[in-house]
Amino acid sequence: MSKQSHFKTLFAAAAIALPASMMSFAGTASAQQTVKIGSVLSVTGPASFLGEPEDKTLRMYVDKINAAGGVAGKKLELVIYDDGGDANKARTFATRLVEDDKVVAMVGGSTTGTTMAMIPVFEEAQVPFISLAGAIEVVDPVRKYVFKTPHTDKMACEKIFENLKQRKFTKIAMISGTDGFGASMRAQCVKVAPTYDVQIVAEETYGPRDSDMTAQLTKIKAVPGIQAVVNPGFGQGPAIVTRNYAQLGMSSTPLYQSHGVASKSFIELAGPAAEGVRLPAAALLVGDKLPDNDPQKKVVLDYKKTFEATANQPVSTFGGHAYDGLNILVEAMQRANGADPKKVRDEIEKTKGFVGTGGIVNMSPTDHLGLDLSAFRMLEVKGGDWALLPPGT
Amino acid sequence: MAEFFQFLVSGLTVGAVYALVALGFTLIYNASDVVNFAQGEFVMLGGMVTVFAHAAGVPLPLAAILAIVVAVIVGISLYWLAIAPARGASAVSLIIITIGASIFLRGVAQVVFDKQFHKLPSFSGDTPVQMMGAAVQPQSFWVIGGAATVVLLLYLFLERTLVGKAVLATSANRLAAKLVGINTATIMALSFGGSAAIGGIAGVLVTPITLTSYDVGTLLALKGFAAAMLGGMGNPFGALAGGLLLGLLEAFGAGLSQLHLQGRVRLHRHPRRAVRGAAGPVRRRAVERV
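Residue numbers (this note's numbering), protein chains in the order written: chain A, 94 to 486; chain B, -4 to 285.
Hints in this document: simulated from the structure, not taken from any laboratory. In this text, all values refer to a predicted model and were calculated from it rather than measured experimentally. Warning: the hint list may mix true and false statements.
Said to hold, decoys possible - Derived pair list, reagent style BS3-like, types lysine-lysine, alpha-carbon separation capped at 25 angstroms:
id, chain 1, residue 1, chain 2, residue 2
1, B, Lys110, A, Lys398
2, B, Lys110, A, Lys149
3, A, Lys435, A, Lys168
4, A, Lys284, A, Lys195
5, A, Lys357, B, Lys110
6, B, Lys110, A, Lys182
7, A, Lys397, B, Lys110
8, A, Lys258, A, Lys284
Could you put together the complete structure from these sequences and hints?
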C-alpha cells in the first residue's frame, strides 16, 4: 500500500517536473506544505506482531494530527516501508527514506536487528531516528540522532529484583529462553543481580520452540533453598514453563515472568497455572485498573480506545511504543516551530515530562530513552486477570 | 529415581509425537519415494482446526474429527495437485515441491487462522497424576496411548488388509504392482491421506500440552524427519523407535546436561543443510531399487 502510493507520488512528481520546468516550481511549493516523516517497520514476517500494530498506530495518529490541522501549520506525510523483519532490507529502505524521500525524521525500526542496521544511515544523514526496538544497545552508548521509546530488558530485570528484595528473597533460579529476547534479558539479569543482593543459584535454558520444560524445572526443583524462579522469555515458552511449574507442584515458590509475555494471551495459554505469577508490565496493560490520579491513566485509556475502535484488535504495548515515538516527535517539532532535522533533534533531547503509554519520558543528552523504573508496574495474576500489586508487597 | 522417571515420561510424551510425524514420513516415502516436508503442517492443521472449530462452539470430539478430515483432504489434494503432475521428476525436485507446499500451507494458515498461539483444554483435566515420584499430565497418557494405537492400526492395515498389501506392493516395486492390477496412483493418494490423518491425530493429541500456532509444523517436520532417519527411513517400527529415542535423548539431555541445546540451535539455523543431507540417502535408496 504505502509503497504503491509512494511510487504514485514519485511518478506524479516526475510527470510534473519533466515536461515543463515551469511546473516544477509548483511541485516544490506544494511539497513545502507537508512534512515528511519516514518509517521502516516489520509489518510482515516473523516480527509482524511488532510491526503490524505499529503500522496501524502511526497511520491512525498521523491522520488524526492532520485532521486537527497538522504540526506548526503543516500537514504530516507518512512514508512507511515494510522490511519483513530483514535487517538488510531495512537498511536499503532507510537509505531510500533519507536520499529519495528526504524525510525530516524517522519513527520506526520494529526489532533491534533492523534498528541497528539503520542507525548508521540516519547518523550520517543527521536525521533524528526514534526507534521502537527493545534492546539497550540502541541508546547505549548514546548516539546523537538516535532515540527510543520501549523499556529495556535491563529495567525489567531491575523491577523484578526490586520486588524480590522487598520480599527479602536472595536465592533464586532462572530458566530462560535461548531466543534473542530470552538470551539478552538473561544476560542483563545476571549483570544487575548483585546490585540487589540476589544470588542466582541455579540456571536452566530452553529452546524457543521447546514444548516441554519439565526436565529443566525438575532440576531446579532439586536445588535446595531456592526462594523464587525468574523466567526471561517470550512467546509460548513461558506459558509452557508456567504450566509445567504447576504440574510439578512447584507453585509454593513464587514464579516471575517478564514483560515479554505481558498480554492477555499469556493468562489464556497458561490457564489456572498462571495464578500468583508476577511480572513487570507497562501501564497500558492495566489502564482501567490504574488509580484515577495516575498521570498515565488518561493517555493509556485514550490510546486503547482509539486503537481498538479503528484496528478492531486488542491493544498491544508495541503499538503504544509507536504512539509514544510519534508524539514525542510531533511535540519536538512544535517546540522547534518547524521541521529542521537538527532543531527537531535538539528538541527531542529536551523532552521533559512527556506522558506516554510506556511511562513518563524525561530525556537528556546522556539518556535517549528517558524512562525510569516507575514506567513498569508490578502485576500479579489473580482470578484469571491482572491485578496491580500495591508498592512494597 | 523420581527425577529419572520424570525425564522418562517427558521424553516418551515428546517422543511419541516425533514418532507419529516420523510415521507419516515413512508411509508416504514407502508408497512414493517422496520425503514429504509438509508433514509438520498436517500436525499444525490438526491442532489449529480443532482449536478454531472448538472456539466456534463445535464439541471437542467433533472438532477433532473435523480437523483430521481437513488434514486428510489437504493431504490428498497435495498429492493430486502438486505431486502427481510432477511424477517422473527427480526425488530432489519432489522434496522441493513438498517444501513449497509446506510454506504455502503455513501462509494460508496465517491468513485463515491467525498468528497467535492457541491451546486446547486437556481431554481428562489438568490434575497431574503422581507416579513413582513424578508428576504426569493426564494428557501424556492420551499422547502415548494414541501413538501406540495408531502404530498398531497402521500395522494391521498394512499386514491384514488387501489395500494395505497393495501399499506394500507399490512400495516394493511400482511397475510390478501396476502389472498385477494395482492402481498405484490411488495407492499413493491414499498414502498421502493416511499420512495426513496420522499428522492430524498427532496435532489434536498434543495441542493441550504443547500449544499450537500456524508455524509449529516446521520444527516438528525436522524432528520427525530426524526420527525417521534415526530409525531407518521407510520402516514404520524404526520410525516409532527413532521418535521415542529422539524424545528421550532430548528430555535426558535437558535434564542431565546442557550439551544438546547447541546441537538443537544448529538444527534451527540450518534447515537447508538438513534438507540437503536428506537428498543423499533418498537418492541412494532409489538407485538400490532399480
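Hints, one by one, checked against the model:
1. Distance hint between Lys110 (chain B) and Lys398 (chain A) is fulfilled; the C-alpha atoms sit about 23 angstroms from each other, no more than 25 angstroms.
2. Simply put, Lys110 (chain B) and Lys149 (chain A) have alpha-carbon atoms about 17 angstroms apart, close enough for the 25 angstroms limit, and the pair holds.
3. With a C-alpha separation of about 20 angstroms, the suggested pairing of Lys435 (chain A) with Lys168 (chain A) holds against the 25 angstroms cut-off.
4. Between Lys284 (chain A) and Lys195 (chain A) the CA atoms are separated by roughly 41 angstroms; this puts the pair beyond 25 angstroms, and the hint is violated.
5. Distance restraint check for Lys357 (chain A) and Lys110 (chain B): the Cα-Cα separation of roughly 15 angstroms lies within the 25 angstroms cut-off, and the hinted pair is therefore satisfied.
6. With a CA separation close to 23 angstroms, the supplied pair Lys110 (chain B) and Lys182 (chain A) stays within the 25 angstroms bound.
7. With a C-alpha separation of about 21 angstroms, the suggested pairing of Lys397 (chain A) with Lys110 (chain B) holds against the 25 angstroms cut-off.
8. Between the alpha carbons of Lys258 (chain A) and Lys284 (chain A) the distance comes to roughly 16 angstroms, so the proposed pair stays at or under 25 angstroms and holds.
Of the numbered hints given earlier, the model fails hint 4 alone.
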